[in-house]
Amino acid sequence: MSRTVITADVAVAGAGPSGLTAAGGLAAAGLRVLVLDREREAGGIPRHSDHTGYGIRDLGRIMTGPAYARLLAARAREAGAALRTSAMVTGWAGERALDVTTPQGLLRVEAGAVVLATGARERPRTARMVPGDRPPGVLTTGQLQNLVHLHGRAVGGRAVVVGAEPVSWSAVLTLRRAGCRTVLMTSEHARPESYAAFSVPGRAVLGVPVATGTRVVRVAGHDAVEAVEVEDLRTGARRTVPCDTVVFTGDWIPDDELARAAGLATDPGSRAPMVDNTLATSRPGVFAVGNLVHPVDTADVAALDGRHVVRHVLRHLGGGTPAGRAIPLLAGAPFTWVSPGLARPGAGAPPRGRILLWPAEHRALARVVVTQDGRVVARRTLPWPVSPGRVLRVPSSALSGADPRGGPITISLA
Amino acid sequence: MSTDGMRNGPLPVDNVDVAVIGAGVVGAAVARELAGYDLSVALVEARCDVGDGTSKANTAILHTGFDATPGTLESRLVRRGYDLLGAYAAATGIPVERTGAVLVAWTEEELAALPGLAAKAAANGCRDCAAAGPDEVYAMVPALGPGVLGGLTVPGESIVCPWTTTLAFATEALARGVHLLLNARVEAVARDGGQTVLSTSRGPLRARWVVNAAGLGSDVVDGLFGHRRFTITPRRGELLVFDKAARPLADRIVLPVPGSRGKGVLISPTVYGNVMLGPTAEELEDRTDTSTSEDGFAFLAGKGRRLMPALLEEEVTAAYAGLRAATEHGDYQVHLDPAGRYLVLGGIRSTGLTASMALAEHAAGLLAGAGLALEPRAGLPGPPRMPNIGEAFPRPYQRADLVERDPAYGTVVCFCERVTAGEVRDALAAALPPGDLDGLRRRTRATMGRCQGFHCGAEIDRLLREGAR
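Residue numbers (our numbering), protein chains in the order written: chain A, 1 to 414; chain B, 1 to 469.
Some clues are possibly wrong.
For each label pair, taking beta carbons as the anchor points, the in silico distance ranges come out as [as the list claims (entries may be wrong)]:
id : chain 1 : residue 1 : chain 2 : residue 2 : range
1  : B       : Leu73     : A       : His151    : 43 to 53 Å
2  : A       : Gly332    : B       : Arg305    : 18 to 28 Å
3  : B       : Pro394    : A       : Gly346    : 25 to 35 Å
4  : B       : Gly147    : A       : Val369    : 51 to 61 Å
5  : A       : Pro284    : B       : Ala139    : 31 to 41 Å
6  : A       : Pro408    : B       : Arg305    : 20 to 30 Å
7  : B       : Arg305    : A       : Gly374    : 30 to 40 Å
8  : B       : Arg305    : A       : Ile56     : 54 to 64 Å
9  : B       : Phe393    : A       : Gly374    : 50 to 60 Å
Covered by chain B, according to a simulated footprint, are these stretches of chain A (three or more residues, beta-carbon under 8 Å) [said to hold, decoys possible]:
id : segment
10 : 123-134
11 : 139-146
Short, incomplete list of chain B residues facing chain A, as computed with Cβ under 7 Å [what the hints assert, rightly or not]:
id : residue
12 : Ala310
13 : Thr411
14 : Cys451
If you are wondering where the hints come from, they were derived from the structure by calculation, not from laboratory data.
These numbers come from a predicted model, not from an experiment.
Where is the CB? At the ideal position from N, CA and C, for every residue including glycine.
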């Protein structure tokens, strides 16, 4: 073996908002922290999200994605964390040891604790199994924003955006920046998923028609996109929409390659590694934070996972073991996943004292019901609507009436 | 080496001993073979790259030929080609994995067909096939769905990289002096004395001999020579490629038992570490229609859910469709016209990848018999060493020696497929560089992974543009 062995107290895989925030906190506590990121620049997705709205909950200010990415990286470095970019973790070499490929050589990083902060990505067209021709010009928001904001590249002139979530509107803005008009947004839901505050003026100002209850059933065009075929889910009627660019947005999936390679227990709903309120995974000393475990919430919420995990990593390194048994948290209708997926009584609140849930349907009001062993533990009505494509955050105090010796806890809507 | 004239502009050569039409796996193999003799050879291709038609979209299996019809040319050439390509792959670094296969019977009818298939395999020289009970089949492939009645093992069936195979043939052909003429569609054929004049979209090319290896267009080209011997009816095969996380589910090829209800679909590991499910079989009119379809997806999902339920729980990384060059005949369409100095290698179906080198050898023999002088050339370059894009051998990102020598091999640019900047650079600087992103994908796997360019698409696009300059 000709790998250079490096030791660290904590290895962090991923230098996005959650990984950088965790690294900064752990380094500030005096630990030797090594952050590994496969991209050339630290910062994660905000690097190419060239719009404002970042930093509100974690930094108490509002800034653009690229500025936020730079600031979090600078703070982690100032706190003493070592950041290595162009450093791709390729696999595990032990319980808490990682194999890494870098331009400077192959490394083996042996750590006392590992924090997985590998984020999430959008399902591409292939994973959504949209048939038809396979021309270039079919993108995800991630690829689109990377092309336009980091590489200054042009895209086409007429786009169809699949999805009507916040990220979909972000794609529309990027397309507009690149001189490409969005001729249609489609949503399989009966109404647009996005915040009313975004979607209504979005439609009015950007002039983008949104086809609800509609799915894309085919991409047409041999050497370039010529059109997509869309189907009205209510009537089955199909029509062809001429365009030269298609952007598949949302439909998030965790970048779970390292988590799966470790054989960590996963949440069947989100495919994310299963964590408890301390963000500990099923392998001792391996933690998971950010949008890897809740694909996806906002960047500041992801970052605050990083702040939350610091104390629990310190506890692990100090020889602490998880307190008590963990009770499964289950996502009841209309939710597809809940994070964390395990509630460990006595281990403190989850990040921000919130349980995160991913709704598959729109509801005007969030009437949350928590049940355990056939008993209603709590009912909470939250004063905002439930929308697909957007995390519903429920105060974890709703679980306080659960029996610590009881069975799984289900969270659903009335 | 300069690649001027390979893709654009007037043809850099106007007169050759042999013109091979079609730079798929068969045409490339024939050009490579003939260039081993003292001949000038042109390889003429309508598309912008070698291996860009049917050769790029198939089931990527190195066939033993166990189920071929005994006595056919196809049966003989597949058996011979299996050995030739296996040895060539070892010499050049074409990824091959000796996975073996098991035919799985799910019905009484399929179970009853197994002894006949075993006998056929033996008649085809494949004597190591063995019957397996349901318990043995489940021991081999635990992820199979319920209802297996029995099976037949075919230990020799293997998986191979079809892209590297065609590229290796073409790369060696170039090294042997073959003129590779891309973007040159043959539009008309005329006789002029002892020569054939091929009118191509890039100008005329005169040749003493012509070999037609035009794949899906082989009947059309045969028609240009005045023949009506066979008709290609493209048979579309759609395939789903599942995430690498599925690979432990299938470490060998799971074949269907051919029966009265058609050929069924197979599950196969790929040399890139994925699992493939397919193909469908649908006869088409349009020879360019490689689109995927809702019906195809639904059919494959239904089949897959019965064959291997856990596979359908994994994400789909890619879906594609290939067109098989099927004819109304039961065998390869190999016809020699000695007077016209013309040979057609048509109707080469999915077995053509395995048979390619044997077809080339066979073609050279036929041409020699018709009077083409085959004088071995002295001082031939050795076989090329191809970049490894398979998972069974170390890839550059895993090789400390390479990374130490050149940091570009430690710079991973496509994360899902772990393609390094060094590999992209090498592909762009190769004797046969890619003509577009698809060509780069076939040479390196860049952007072919689970994220389909979410992370690396923009960067790969930049490297391709810079390299093309």
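Hint-by-hint comparison with the structure:
no. : hint                              : result
1   : Leu73(B) x His151(A): 43 to 53 Å  : 52 Å, holds
2   : Gly332(A) x Arg305(B): 18 to 28 Å : 26 Å, holds
3   : Pro394(B) x Gly346(A): 25 to 35 Å : 48 Å, violated
4   : Gly147(B) x Val369(A): 51 to 61 Å : 41 Å, violated
5   : Pro284(A) x Ala139(B): 31 to 41 Å : 34 Å, holds
6   : Pro408(A) x Arg305(B): 20 to 30 Å : 28 Å, holds
7   : Arg305(B) x Gly374(A): 30 to 40 Å : 33 Å, holds
8   : Arg305(B) x Ile56(A): 54 to 64 Å  : 45 Å, violated
9   : Phe393(B) x Gly374(A): 50 to 60 Å : 57 Å, holds
10  : 123-134                           : holds (count 10)
11  : 139-146                           : holds (count 5)
12  : Ala310                            : 13 Å, violated
13  : Thr411                            : 5 Å, holds
14  : Cys451                            : 5 Å, holds
The structure fails hints 3, 4, 8, 12 (numbered hints given earlier, in ascending order).
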